[in-house]
Amino acid sequence: MFLEICFKYTRRDYSQCNGGIMNFFPKKLASAAALTVLVSLTIFGTPAVQANTSNKLVSVAVNSNGDLSAEAKQFYAKRNFNPIWVGRKNKARAKALIEAVSSAAEHGLPKSQYQLAKLRSALNSRRSNLDATAEMFATQIFLKYAHDLSSGILKPKRVSKEIAVQVPRRSELALLDAISRSNPTGFFKALVPKHPEYSRLLEEKQRLELLLMKGGFGKTIRSETLKPGISNENITKVRARLSAMKYGRLGNDPDYDDRLRIVVQQFQLDHGLKPDGIIGPGTIKVLNASAEQRLKQVIINLERERWMNRSRGNRHIVVNLADFSLSIYDDDRVTFTSNTVVGKIGKDRTPEFHDQMTHMVVNPTWHVPKSITGKEYLPMLKEDPAFLANNGMWMVDINGEAVKPVDVNLDEYDETSFPYSIKQKPSKSNALGLVKFMFPNKHNIYLHDTPSKNLFSREVRAFSHGCVRVQKPFEFAYKLLEKQTSDPISVFHSFLKTGAEQYVNLQLPVPIYIVYRTAFFAENGRVNFRNDIYGRDKIIFNALNKAGVALTSVSG
Numbered sequence: 044m045f046l047e048i049c050f051k052y053t054r055r056d057y058s059q060c061n062g063g064i065m066n067f068f069p070k071k072l073a074s075a076a077a078l079t080v081l082v083s084l085t086i087f088g089t090p091a092v093q094a095n096t097s098n099k100l101v102s103v104a105v106n107s108n109g110d111l112s113a114e115a116k117q118f119y120a121k122r123n124f125n126p127i128w129v130g131r132k133n134k135a136r137a138k139a140l141i142e143a144v145s146s147a148a149e150h151g152l153p154k155s156q157y158q159l160a161k162l163r164s165a166l167n168s169r170r171s172n173l174d175a176t177a178e179m180f181a182t183q184i185f186l187k188y189a190h191d192l193s194s195g196i197l198k199p200k201r202v203s204k205e206i207a208v209q210v211p212r213r214s215e216l217a218l219l220d221a222i223s224r225s226n227p228t229g230f231f232k233a234l235v236p237k238h239p240e241y242s243r244l245l246e247e248k249q250r251l252e253l254l255l256m257k258g259g260f261g262k263t264i265r266s267e268t269l270k271p272g273i274s275n276e277n278i279t280k281v282r283a284r285l286s287a288m289k290y291g292r293l294g295n296d297p298d299y300d301d302r303l304r305i306v307v308q309q310f311q312l313d314h315g316l317k318p319d320g321i322i323g324p325g326t327i328k329v330l331n332a333s334a335e336q337r338l339k340q341v342i343i344n345l346e347r348e349r350w351m352n353r354s355r356g357n358r359h360i361v362v363n364l365a366d367f368s369l370s371i372y373d374d375d376r377v378t379f380t381s382n383t384v385v386g387k388i389g390k391d392r393t394p395e396f397h398d399q400m401t402h403m404v405v406n407p408t409w410h411v412p413k414s415i416t417g418k419e420y421l422p423m424l425k426e427d428p429a430f431l432a433n434n435g436m437w438m439v440d441i442n443g444e445a446v447k448p449v450d451v452n453l454d455e456y457d458e459t460s461f462p463y464s465i466k467q468k469p470s471k472s473n474a475l476g477l478v479k480f481m482f483p484n485k486h487n488i489y490l491h492d493t494p495s496k497n498l499f500s501r502e503v504r505a506f507s508h509g510c511v512r513v514q515k516p517f518e519f520a521y522k523l524l525e526k527q528t529s530d531p532i533s534v535f536h537s538f539l540k541t542g543a544e545q546y547v548n549l550q551l552p553v554p555i556y557i558v559y560r561t562a563f564f565a566e567n568g569r570v571n572f573r574n575d576i577y578g579r580d581k582i583i584f585n586a587l588n589k590a591g592v593a594l595t596s597v598s599g
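Mapping of the sequence shown onto the working numbering: residues 44 to 599, in sequence order.
If you are wondering where the hints come from, they were derived from the structure by calculation, not from laboratory data. Just so it is clear, CB atoms sit at the ideal spot from N, CA and C, and this is done for glycine as well. Mixed in with the good hints, there may be bad ones.
[Unchecked claim] No more than 20 angstroms apart at the CA atoms, straight line, and that leaves these computed lysine to aspartate or glutamate pairs for EDC-like: (1) K466 to E426; (2) K187 to E114; (3) K132 to D220; (4) K466 to E444; (5) K262 to E252; (6) K328 to E267; (7) K132 to E142; (8) K390 to E205; (9) K471 to E518; (10) K387 to E419; (11) K187 to E142; (12) K581 to D391; (13) K237 to E348; (14) K161 to D110; (15) K317 to D575; (16) K248 to E149.
[Stated by the list, open to error] Restraint-style ranges between C-beta atoms, simulated for each label pair: (17) E267 to Q308: 15 to 25 angstroms; (18) N585 to H486: 22 to 32 angstroms; (19) L498 to R250: 27 to 37 angstroms; (20) D440 to Q308: 48 to 58 angstroms; (21) E455 to T263: 50 to 60 angstroms; (22) K116 to K138: 17 to 27 angstroms; (23) A432 to D373: 37 to 47 angstroms; (24) D450 to L539: 28 to 38 angstroms; (25) H536 to M423: 27 to 37 angstroms; (26) E525 to D300: 43 to 53 angstroms; (27) S102 to G389: 49 to 59 angstroms; (28) H402 to N357: 16 to 26 angstroms; (29) K466 to S500: 22 to 32 angstroms.
Taking the hints into account, I'd like the entire structure generated from these sequences.
Here's what the structure looks like:
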């Protein structure tokens, strides 16, 4: 200890230190210097005393740290301020934290936010055995990393009020308690979302990153219509880009042959396009999407998967707004699918949220929402007071009494002041069709049949006022009822043929997830991409970027 002090103050000249303390220090300081050395040797000389000192230092650091949460302070108090990161016995845990943070970018996490260099320096310092500051710093980095990886970097509702997703987040106390008791390497592995979709997206992220290093998907394609049978230099570019996108080795032949047509049709299916084999402007626009754009989509959807890091239920329903689809999953296997129509682009966008489907209503009455009554039906009534009667509808006052439009001076009202409600009786022409599927929620969103069947043939199916229309509502009902009856078709039609409104409860409520996935894997194992119809990808990526998620800009 003395030699180190002397070495420092004699400008690195040990020769002046040979006389010992008394020769080096002035006499008035000699006793103080000797006392300092003695105290240092006494306090720090034995592991037991050293540990006690460490606890005291941690106690002071915990109680004086304004950035540490009450839960984290509670954790340290419960363990008598024993450190979990610094000290010889915590080396394995400290090493596991450093290794975990080192791989943050692999998950699309903001690696810079975890201050890896500073963390490594603090935990590997010779003084770290007694460095309470390092202990506090490691705890704060650990909590941020653990939450980011297990439940997402962003809080969805802060990103957009339309993303009303309740994210499962473990408390800080639970995380700290778990890491202090667990095998550290195993603990960090367990933080990674377990759903197979997450690991598949990770693999696609790695593939795209490697591809970007090689220049991306290749040259873009000039916009024109390319049909099977033609020969065109653009076909060579089509082949090159499809090959880079993992559709096989397609060579550089300029002819649009039958083999290429089959590949183009698969590409169209994988991107939500009509699989007609014609490479028109719509298909070319999607073909020209860069590898960087696809990588962004994958990173965004990894974050969405982290928001859903929970058990989804042996049976659950997923409505993917971006894909205009509905699926029932039984033990993570798709057992039913249907096309859907979702909310219009603009004010009628369907929100994202999770709930429990509890019942269906067969032969439903449509209670027209106020927003539609004043804005759409009032102008029609002013032009034709018989409009309601001609469409199986009627008008009621605030007391629920039926009122004839001809008995009301409709010109007195506008869309905001119109005080009447409008209802539509059950029928095939009812706006809800013949069945609706209910999961009561504050958004007033549900699934339903529709008389407007022609819209299901469109590629982009955003036409509703927010609720989700189902192309195969009867088959969906049969599938839901099969868990509670041996003859779901007969049971459903026994309610239907009454012509009256019938409530049918599901004996076991089914979790339903209304999501917005623009990069996902289909049942055939192929990655699918969808257009960002509501602009939510852009909002989320901007928020991720602001939070520190970095993406190298590479053309391709």
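A quick look at each hint next to the structure:
{"no.": "1", "hint": "K466 to E426", "result": "19 angstroms, holds"}
{"no.": "2", "hint": "K187 to E114", "result": "14 angstroms, holds"}
{"no.": "3", "hint": "K132 to D220", "result": "17 angstroms, holds"}
{"no.": "4", "hint": "K466 to E444", "result": "12 angstroms, holds"}
{"no.": "5", "hint": "K262 to E252", "result": "18 angstroms, holds"}
{"no.": "6", "hint": "K328 to E267", "result": "10 angstroms, holds"}
{"no.": "7", "hint": "K132 to E142", "result": "18 angstroms, holds"}
{"no.": "8", "hint": "K390 to E205", "result": "11 angstroms, holds"}
{"no.": "9", "hint": "K471 to E518", "result": "17 angstroms, holds"}
{"no.": "10", "hint": "K387 to E419", "result": "15 angstroms, holds"}
{"no.": "11", "hint": "K187 to E142", "result": "15 angstroms, holds"}
{"no.": "12", "hint": "K581 to D391", "result": "19 angstroms, holds"}
{"no.": "13", "hint": "K237 to E348", "result": "10 angstroms, holds"}
{"no.": "14", "hint": "K161 to D110", "result": "17 angstroms, holds"}
{"no.": "15", "hint": "K317 to D575", "result": "17 angstroms, holds"}
{"no.": "16", "hint": "K248 to E149", "result": "8 angstroms, holds"}
{"no.": "17", "hint": "E267 to Q308: 15 to 25 angstroms", "result": "19 angstroms, holds"}
{"no.": "18", "hint": "N585 to H486: 22 to 32 angstroms", "result": "24 angstroms, holds"}
{"no.": "19", "hint": "L498 to R250: 27 to 37 angstroms", "result": "36 angstroms, holds"}
{"no.": "20", "hint": "D440 to Q308: 48 to 58 angstroms", "result": "56 angstroms, holds"}
{"no.": "21", "hint": "E455 to T263: 50 to 60 angstroms", "result": "59 angstroms, holds"}
{"no.": "22", "hint": "K116 to K138: 17 to 27 angstroms", "result": "25 angstroms, holds"}
{"no.": "23", "hint": "A432 to D373: 37 to 47 angstroms", "result": "45 angstroms, holds"}
{"no.": "24", "hint": "D450 to L539: 28 to 38 angstroms", "result": "35 angstroms, holds"}
{"no.": "25", "hint": "H536 to M423: 27 to 37 angstroms", "result": "34 angstroms, holds"}
{"no.": "26", "hint": "E525 to D300: 43 to 53 angstroms", "result": "45 angstroms, holds"}
{"no.": "27", "hint": "S102 to G389: 49 to 59 angstroms", "result": "57 angstroms, holds"}
{"no.": "28", "hint": "H402 to N357: 16 to 26 angstroms", "result": "20 angstroms, holds"}
{"no.": "29", "hint": "K466 to S500: 22 to 32 angstroms", "result": "30 angstroms, holds"}
Checked against the numbered hints given earlier, the structure satisfies every one of them.
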